[in-house]
Amino acid sequence: MPDGTPGTSDDDRIEAAVRAVLGSMAGDLTAREAALLAELEALGRTIARAKAEIAALSVDDITGAHIPSATDELDAIVGHTAEATNEILDSCEVLERLQTEVPEPASTALQGAVTRIYEACSFQDITGQRISKVVSALKAIESRVEAAVANAAGRVAPAPAAPAVPRTEGQELAHGPQLPGGGTSQEEIDRLLASFD
Amino acid sequence: MDRNINVLIVDDYRTMLRIIRNLLKQLDFNNVDEATDGQEALAKLRAGNFGLVISDWNMAPMTGLDLLKEVRADAKLKNLPFIMITAESKTENVVAAKQAGVSNYIVKPFNAETLKEKIEKVMVHA
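In the order they appear, the protein sequences are chains A and B. If you read the first sequence in full-length UniProt numbering, its first letter stands for residue 1, the second for the next number, and so on. If you read the second sequence in full-length UniProt numbering, its first letter stands for residue 1, the second for the next number, and so on.
Chain A extracted, bound-state conformation (with noise of 0.2 Å):
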């Protein structure tokens, strides 16, 4: 608001417009016109609180400082993974390394082993794709946030910044991971790619 006080200048902002409308009816009020005014006039009210709530959102602390901190704390369940991933697949190697020691069966039983432990350590690069997911929810949060307050105080909100240059299709179309029934199945991608021979 203008004079720094969104609440007081909006609250006299319904005040003049209530009035100008009473201004302008010829003769009495009927009840219903009169019930329709005062709701028109709380409607008002509650438009000119809620923005002045916005308005005094600690919108630093939400920039600055929580959303920062929580893409961290991403960033390192992501280091976190990747090191304990990489400290599994370490022992993996090993245990391939003794494998031409040990006798059959059990070799194979090994390898077979190892295999299973390569296959689910792959979760880790999920896990790293869905937090970036994620990380990138937070910032167009952040983003709104930012704007809905500008709006509210009656600045202007910053444009979100123009990608520099196009996107390629592959960047398009580059969407992650989805949730558990939202992709495709290796079975269908199969079918998929076999109905283009």
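Honestly, I wouldn't trust all of these hints.
To be verified - Straight-line C-alpha distance at most 27 Å; calculated DSSO-like pairs for lysine-lysine:
no., chain 1, residue 1, chain 2, residue 2
1, B, K78, A, K133
2, B, K108, A, K133
3, A, K133, B, K98
If you're looking for bench data, these hints aren't it; they were derived computationally from the structure.
With the hints as your guide, set chain B onto chain A.
What follows is chain B alone, placed relative to chain A:
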């Protein structure tokens, strides 16, 4: 199937590169090189002599799909078998990859048997 070919694996997650490398080793593919994005991969492919590419999609600055398009547009590389291994599992992704000339498509998380089966399939047609 010639297991002495040079294989290039491309993924921006080093852990995934390590997993795929180890799975390839189990399949007796021992000549494996790595790249962490499409641009690095393209430079290696142009400089080297590779018989198979296994690439992720979601990488920056050059994605796997954009790498695939570059490979198919390159006279020297256009027939190179190219397997996409990715978490991108929407139908539109598979269709775009197929239209760009992908040899096969594996969705993450995947298992070793699927990797083996797809490699055998594309190498037969290579």
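Comparing the hints with the structure gives:
1. B:K78 to A:K133: violated, 33 Å
2. B:K108 to A:K133: holds, 16 Å
3. A:K133 to B:K98: holds, 25 Å
Comparing the model with each numbered hint stated earlier shows that hint 1 is the single one that does not hold.
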